[in-house]
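*Asks:* Place chain Z on chain L using the hints.
If you're matching them up, the sequences are chains L and Z in order.
Using our numbering, read the first sequence as starting at 1 and increasing by one per residue.
Using our numbering, read the second sequence as starting at 291 and increasing by one per residue.
Incorrect hints may have been included.
[What the hints assert, rightly or not] Reference listing, derived: stretches of chain L covered by chain Z, where coverage requires no fewer than 3 residues with Cβ under 8 Å from a Cβ of chain Z: (1) 26 to 35; (2) 42 to 50; (3) 84 to 91; (4) 226 to 232; (5) 263 to 275.
In short, the hints are calculated from the structure, not lab data.
Just so it is clear, CB atoms sit at the ideal spot from N, CA and C, and this is done for glycine as well.
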Amino acid sequence: MEDRPKGYKILKKQVLSDVTKLMVIEAPQVAKKAQAGQFIIIKIDAKGERIPLTIADFDREAGTITIIFQEVGKSTMHLGTLNEGDSVETFVGPLGHPTEIKNYGTVICVGGGVGIAPIYPIARALKEAGNEVISIIGARNKSLLFWEDKMRAVSDELIVCTDDGSYGRKCLVTEPLKEIVTGGKKVAKVWAIGPAIMMKFVALATEPLRVPTIVSLNTIMIDGTGMCGGCRVPLKEGAQFVCVDGPEFDGHAVDWDGMLGRLQFYRDEEKIALERFKHECNLDKAIGRQ
Amino acid sequence: MAELTPKERMAISRQEMPVQDPKVRIGNFSEVALGYAMETAVNEANRCLQCKKPQCVEGCPVGVKIPQFIKALREGDMALAVKEMKEKNNLPAICGRVCPQETQCEGKCILGKKSQPVAIGRLERFVGDFELSNRTCPLVKASPSGKKVAVVGSGPAGLTCAVDLGREGHDVTIFESLHVAGGVLVYGIPEFRLPKSVVHAEIDYAMECLGIKIKTDYVIGRTLTVRDLLDEFDAIFIGSGAGLPTFLKVPGINLNGVMSANEFLTRVNLMMGYLFPEYDTPVKIGKRVAVIGAGNVAMDAARCSLRLQRILSGGSDPGEVHIVYRRSRQEVPARDEEVHHAEEEGIIFDFLTNPVEILGDERGAVRGMRCVRMQLGEPDASGRRRPVPIEGSEFDMELDTVIVALGTSPNPLVFVDAEDLQRSKHGTVIADQTTGKTTVEKVWAGGDVVTGAATVISAMGAGKRAAADMHRYLSA
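Bound-form chain L, shown alone (with noise of 0.2 Å):
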């Protein structure tokens, strides 16, 4: 418990695509009780929000949680502007339930898109928790893509695949999912993280098989330790708080509908708040130019 100035660095940035990034954050703290699942929540500076993102990975000894976010608004946008060096006002955590690792068997994780990089320390840890996995990770397009060498390293068997088929198999990732859960072959349990209409689609496809199907919820939040509420997530029956309860829930005990609503709720704010940090990117390099 070290003193240390406010602040978390970046100790190294990655671009994986144009749009996603990775960051080794230095957070002692953090990384000493880090367990796959899990996630941090980080703030920029002073006037910055708080947003919740799950851990990629962790190293106990250096001290540090590597993220990877894809910028999809301002906050994600303006922490991908940040560089090696820099520092960040807030880093939180670790925070929310641990991934139940055990042995079930065979195991099925799904990683789409930027879920990629949280479905990685799970896969891994089922791997050495004795379970044979089998990965399937996709994206929109091949750009997108990332971690495949890694995914495989933790990995019986990876597919991969591509919406628009420039890179492995043109298809969802719900179609080989399918495929081996049909297929003859006893899947114990299923892990879907990536953006929430792939994780609705994954849970309705186990659902009528009764696969046992684990999502990772990534809801709005603000403190993330069960304070606002802000993130409770609605079920089939009642609602529970995505930061104390989860991330991970059943799939199938998802209200998909009433979650997917809940996300769109600040939408017009959040496209005020990218437009007006555009306009300011573009203003500064505009004098930047001068």
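*Replies:* Chain Z only, in chain L's frame:
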């Protein structure tokens, strides 16, 4: 100047506190009550009769030396006034603003029997504010004891406990889960009641004087557990508050536009949502808002809503804000002053009204709320008359925002890996009322985590009592 006679003192009327005009203040988040000037403060202080057996002190949960600080103030010795104040209260600029003085010190003031009590709260604020800008009386740390203390939570209970232990020479570290210190003082109480600059200044001043460390971004229960803290510290105080919101159990509670008062106030206060998009955290407010509940938090949420409506609409047709409460005006738990301010600002109170369902549109957003009229029946366990629905009185309110302010309970996260720490069925920590000692050796607790949601000053009182007992333990 000759000493005033008691008769002359009693002839002075209670000095009014200047406030922002309601019409102006509903368009901003600046402080409503503007504070006394030196002259008015002295006039008010001159009203105090300096009772031999001051009842006011008995009414104060931390036992502030009220007659002494008032005497020093009116004699123009501000440094002494501060010193007398700080002997018992380390955070006067905060307490002077948010304590329910009418039921505490001022409620006991002898002058109140015949006319109006001395405005002790306003004088306390005056002394506190004076000290923040003049720093006449820094807190002094005793020589180091060599003992390490961890305080969980930097709200009123934790801060008070930390400061008292720091003064005794202990090495104190506060762990705070959010990115700034202050707890409910920064995430809950709005800027217009308690400016953040006052909270930050008060905390910084005390921490600097006493060398207390504050570790923000530490969620106890996740980043570290109570068990981890036990390995490293000689004593622990848990003052993690009551941060868990209570949601109404009615259909429609998960619709877009329904939020807890905690979420709404956190967006507005902690994250400065009223300054979006300059600050990144948005906060949405509809034209027709209902706040459910009538405690201080409900008043805060309603008054923030009103201001946001004005700011976002640019003043034209801003909309309306309702307080929906199932009991009557007599049972309202909020402070009179808060209710008065809310009414002045144009909040509409719907008493004896209970929500039964929140109504949504095809997009999953709030469009209204079905309510039932209530009447008061026999007294219930709380001694208040139980509200009972009037059959067939259902009606729909048209709404686009519903804020639920029905109280909070302790956040169980802090108890992860601390199963030995006994708790009540309400989730509150079981602790000795006078010492704050819990069922676990070396662990004390106080404030809302023990009592459930209460006041800032009662949490401070608990922090103080625990600090005294912890100091005894650490010195033994």
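*Asks:* Taking the hints in turn, state whether each one holds.
*Replies:* Hint check results:
Only when three residues or more bring their CB closer than 8 Å to a CB of chain Z does the claim for the region 26 to 35 of chain L stand; here the count is 3, and the claim holds. Note: the region 42 to 50 of chain L has 5 residues with beta-carbon separation from chain Z under 8 Å; the three-residue rule is met and the coverage holds. For the region 84 to 91 of chain L, the stated coverage by chain Z holds: 3 residues have a C-beta nearer than 8 Å to a C-beta of that chain, and at least 3 were required. For the region 226 to 232 of chain L, the stated coverage by chain Z holds: 6 residues have a C-beta nearer than 8 Å to a C-beta of that chain, and at least 3 were required.
Coverage of the region 263 to 275 of chain L by chain Z holds [criterion: at least 3 residues with CB-CB distance below 8 Å; count 7].
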